[in-house]
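Q: These are the residues of each chain, in order.
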Amino acid sequence: MEFTVGQIAEVLRGAVEGDASQRIDRLAKIEEARAGSLAFLSNLKYEHHLYTTGASAVIVSRTLELRHPVSTALIRVDDPYTSFTTLLEFYQQATRTGKRGVEEPAYMAASSTIGDNHYRAAFSYIGENCTIGNDVVIFPHVFIGDRCKIGDGTILYAGAKVYAETVIGARCTIHAGAVVGSDGFGFAPQPDGSYRTIPQIGNVVLEDNVSIGANATIDCATMGATLIREGAKIDNLVQIAHNVEIGRHTVVAAQSGISGSTKIGDFCVLAGQTGLAGHLTLANRTTVTAQSGVGKSIKEEGVLLQGSPAFALRDSLRANAVFRHLPDLERRISQLERGANPPEKS
Amino acid sequence: MEFTVGQIAEVLRGAVEGDASQRIDRLAKIEEARAGSLAFLSNLKYEHHLYTTGASAVIVSRTLELRHPVSTALIRVDDPYTSFTTLLEFYQQATRTGKRGVEEPAYMAASSTIGDNHYRAAFSYIGENCTIGNDVVIFPHVFIGDRCKIGDGTILYAGAKVYAETVIGARCTIHAGAVVGSDGFGFAPQPDGSYRTIPQIGNVVLEDNVSIGANATIDCATMGATLIREGAKIDNLVQIAHNVEIGRHTVVAAQSGISGSTKIGDFCVLAGQTGLAGHLTLANRTTVTAQSGVGKSIKEEGVLLQGSPAFALRDSLRANAVFRHLPDLERRISQLERGANPPEKS
Amino acid sequence: MEFTVGQIAEVLRGAVEGDASQRIDRLAKIEEARAGSLAFLSNLKYEHHLYTTGASAVIVSRTLELRHPVSTALIRVDDPYTSFTTLLEFYQQATRTGKRGVEEPAYMAASSTIGDNHYRAAFSYIGENCTIGNDVVIFPHVFIGDRCKIGDGTILYAGAKVYAETVIGARCTIHAGAVVGSDGFGFAPQPDGSYRTIPQIGNVVLEDNVSIGANATIDCATMGATLIREGAKIDNLVQIAHNVEIGRHTVVAAQSGISGSTKIGDFCVLAGQTGLAGHLTLANRTTVTAQSGVGKSIKEEGVLLQGSPAFALRDSLRANAVFRHLPDLERRISQLERGANPPEKS
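Protein chains in written order, with the numbering used here: chain A, 10 to 355; chain B, 10 to 355; chain C, 10 to 355.
If you're looking for bench data, these hints aren't it; they were derived computationally from the structure.
Treat the hints with caution; some may be incorrect.
Here are the simulated BS3-like pairs of lysine-lysine, each with C-alpha atoms no more than 27 Å apart in a straight line [as the list claims (entries may be wrong)]:
#1 Lys54/C / Lys272/B
#2 Lys272/B / Lys38/C
#3 Lys305/A / Lys38/B
#4 Lys38/A / Lys108/C
#5 Lys305/C / Lys308/B
FRET-style restraints, in silico, Cβ to Cβ [stated by the list, open to error]:
#6 His57/C / Lys305/B: 12 to 22 Å
#7 Ala103/B / Phe99/A: 24 to 34 Å
#8 Lys305/B / Arg323/C: 52 to 62 Å
Just so we're clear, the structure is a prediction, and the values are computed from it rather than from any experiment.
Ideal Cβ positions, reconstructed from N, Cα and C, are used throughout, including at glycine.
Please build the complete structure, drawing on both the sequences and the hints.
A: Dropping the structure here:
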């Protein structure tokens, strides 16, 4: 796949500065780009790379004022980041040959149905009474249990496991090894200290455009549904317990864990390795910084939280700043004490 | 499946208040229940839902005194929670059609044996010289390595992976994607800074009634056995390293990690995202709160730990309470210092 | 498999003290060893076990001076640990019958090639245009996507998943359920608060002798490569985000997470459950203690870090020591205040 700088500029409705006839055969980061590469500059923090890059062409803003001469061609556009993302999408569509058809041996129970234009890989498994839409892509070793529903255009990568009764919307992505619908961790303590397993008869519902990361785990509800709303993005190795609700367009970064029955609002961001206790409610647009642990509900929208246990980010930053010189603080107190109560023989 | 309130009360040996002829077709949480639903009230914290619930009937304690009129029927029993769990179990048995038989293609080496009344799903794999009991349920994509032993009534969900030599007791549950018996993380540093892999020749032993969560990982012992004792419950994404021992009826919540050779007693509770250093011993009934990190052995039974590094919960709560206003503390010290050593020209 | 103490001593070029004719049929830890077992003593912290062990023979240092009589035979060598590791390797080679050949049904696209002396298990899957070396071992339910390259002697355990375009070196070990090459977590926020998925067109490159733990996840690069250099050891349930680089012979312990574009040097050690923010650089030989969270780049080599947020281990230990008695500190301040500003009516 090879295009000229001019051809690409035309697609992006951009203006070329420099040699428009140069040939581009790959996309690259500006700091790693070599001849034949097209890069982009969006964040001006990285502007210095523009003057040293080996790229044949760089997509930049129409308003960028050069501070030094450049040896690369420029394609000037309104929004370099969006233009570049468009090219990435184009590249991906061109190279990820859309897999279609059925590879044998694949297993699908006779009572299940699947729409047009699908891919069912070798060793994929679809249980009884499933209803699966059009344009669904099912990679090898995917397991879909009985009575599941899966919407149009959803893709399940290798080894994704979907327990019985799960409902998955349209255009969802389930990455490799993710588990959707495992039993919630429900055990009733008995008088002798042992535990009785509480049956988990609920399910998991993923709305449209949800993404579930590799090896993430989403437990079914004890009763009712564990619910991931439209557009939510769940990263790798995240744990979502029974009866949790994740709001629309909320992002949960890798290795975070959300305990049972907690409800997270829309447009929230949980950074990596965060933990949330059970039965909490987090208002819309709550942000939790990495490794924080939230033990209380948040009612006000837009709050930033940090720490374990977490409190307001601003206060947490200040407390941490003092924490680092606690030994100093103690020394100062001791000195004050010596001043207030001088040793008898001084 | 539909029963009357009266029929259900009879099964539970409960007393009906209200219309016993109403039809019930589902179980639900009291706050989500609608007509046709049966709910329960055990924790009086949620009593207010009783007066507004849409449930057709609610299971309550014989001793509950109503503070307002109710529009739902009541089934009065001795222990609402246990009664409801019994109904959940009944429901689950009725709906999870017991899978039996062999779906093709399934793989089992000729040298292995499996008992009566089992399910071997399509794409399940059983290696050489395995001995597998009666009533074992093996979902698709389960891998069982050579020379494994698995007891009666154990269920392995989709994609569970059991390395060679593993021993699994009766009535265990291995959830989807769990890995049992992977090599311990053992590497001997060499003079040039590289690492030599130390062969891991031990195995994993799970006693009876053990539950292993989705995508959890349990490493085999370097020598001897990594041991999970009777009734222990291990949640999703937990890491258990080589030569660890987990005591009877101990609970390890999601994303916790236990380092090599640590021994945890009986009836312990590790909350979510906890970490334990290696070569520790934790006494029976130790509790570790969420996100805590334990670096020292605990000899006394019944201790509660918090923090990273963890210490006694009571002390940790107090220290954290002060931590939040550390900047205040520093201000107070500065003020004292100004008092004790006033600026020369004030 | 049974050898005499004398035969083993000969292999190790060691000297026997005691009965060289005793028969050894297993390797064991010194504290767990029984008759017929061979153990070793390297760390003198465990010397007391030498005088009570049930082992038939123990490998010890030539220079060890006994403080009590022993009832076990001794094999004296220069380096007991290395000698014992050699025996473990020998034992493992003898017992892990090298699997070879193809079990049916296995899937390999006609456009792919694989070298001599390989094992392709039942239900293993190899996509289009892959190039796979000699002596490669592929367990059941392994998925290898299109256009992958895998070097000689690499082993992929059950259910390992390798996305398209991945490059894996020679003598690598990919443990069960590990995911290599999943999409990076890249989403561009849109004006309405939803997210647009940024195509991830890069790949993952593992150099030689890399080990990836069970259920670990390694995301592909947005562009370019996520790179794990020679000899690096990645433990179970680790998350490595897009465009990360891990240096040579660096060790990352279980459940650690490394955010996008962070570069870690050679010979580093990240203990369990650590987290690293994105776009950082860590110098060679950096050590991060368990559960720590690193938010800043480290330029100096050999630094030890602790805490969340992490700073120098020595300072962190001191600050934590004071943290535990913060309530005390506050009391002392209050007392000083009362001294400096005594209550009016005292």
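Q: If a hint holds in the structure, say so; if it does not, say that too.
A: Hints versus structure:
| no. | hint | verdict |
| --- | --- | --- |
| 1 | Lys54/C / Lys272/B | holds (19 Å) |
| 2 | Lys272/B / Lys38/C | holds (15 Å) |
| 3 | Lys305/A / Lys38/B | holds (22 Å) |
| 4 | Lys38/A / Lys108/C | violated (43 Å) |
| 5 | Lys305/C / Lys308/B | violated (38 Å) |
| 6 | His57/C / Lys305/B: 12 to 22 Å | holds (21 Å) |
| 7 | Ala103/B / Phe99/A: 24 to 34 Å | violated (52 Å) |
| 8 | Lys305/B / Arg323/C: 52 to 62 Å | violated (19 Å) |
Comparing the model with each earlier hint shows violations of hints 4, 5, 7, 8; every other hint is respected.
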